[in-house]
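Just so it is clear: in the sequence shown, position 124 is 124 by the UniProt record's numbering, and no numbers are missing.
No lab work stands behind these hints: they were computed from the structure. The model shown is predicted, which means the values in this text are computed figures rather than measured ones. Any given hint could turn out to be false.
Result set (SDA-like, lysine to any residue): computed pairs, CA atoms no more than 25 angstroms apart in a straight line [claimed, not checked]:
#, residue 1, residue 2
1, Lys44, Gln14
2, Lys69, Thr93
3, Lys138, Arg179
4, Lys210, Asp169
5, Lys123, Trp182
6, Lys138, Asn105
7, Lys210, Asn145
8, Lys210, Lys129
9, Lys155, Arg183
10, Lys44, His79
11, Lys69, Pro119
12, Lys157, Ser206
13, Lys11, Leu40
14, Lys181, Ala45
15, Lys129, Leu141
16, Lys69, Lys123
17, Lys44, His13
18, Lys69, Glu88
19, Lys180, Pro68
20, Lys180, Tyr91
21, Lys180, Glu99
22, Lys187, Thr93
23, Lys69, Ile87
24, Lys181, Val101
25, Lys210, Val101
26, Lys11, Ser81
27, Lys210, Ser43
28, Lys157, Asn105
29, Lys123, Ser193
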Amino acid sequence: MQNHNPDNILKYHQVGSYQLVTSSASKNTVNSTVGGIGFLLSSKASDTLLSIESISPRIMVLEIDGNPKTTLVCVYSPHNSSVADEIENFYTTLRSTIEQVPLHNFLVIAGDLNARLGPDETKFTFNSKTNRNGEMLKDFLEEFNLYTSNNSFMKPKGQLWTFESPLGDRAQIDYLIFRKKWRNSVKDSGSYSSFSSVGSDHRNVSATVKLSLRSSQKN
């Protein structure tokens, strides 16, 4: 296991039969907390784990062995109200990260993008309009031929929103992102159960994926 961001230490916790790997949050110039992300791995996933890297306080990457190999990228974007440089730096780092993922890997990008995609950008959305982060996300998706799975299936509004503010305002800002060439392998996706019991204002976003395994090449 590797950590390519020496200022951001990976921490390992045992949670029942699962292993939680977290990348610590950091402090910015005004002493505000920045980032803080992680992966919760089953014992099977831990056994097939090839590498895990902390790219920044907002981006983690792990690779799981298989046919094809799977690359998971956990992300936490700056808020929509953040200064432009913060958001641009986040996407610059994310672009560099994705460019290093082999094209034949099954790629999943998951997390809180703090981005609202409106009906002009995607067919099935909870949001009424696209915000600044949404524009950044849209450009990123187009550049790498990606799509958001939880905007791709017709769902009741209650299965689209992913975040609820303390005032009760709801939005869809968390996404699962896949390469378009794997679109037929993603059978369903939406947001379901809440994590309110553990104090979270975000909901679980999930996808049902069925991969057709490639045959090994014989010499």
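Handout entry: Unsatisfied constraints (hint numbers, rising)
Key = Numbers 4, 8, 10, 11, 16, 18, 22, 23, 26 and 28 - these are the hints that the structure violates, sorted from lowest upward.
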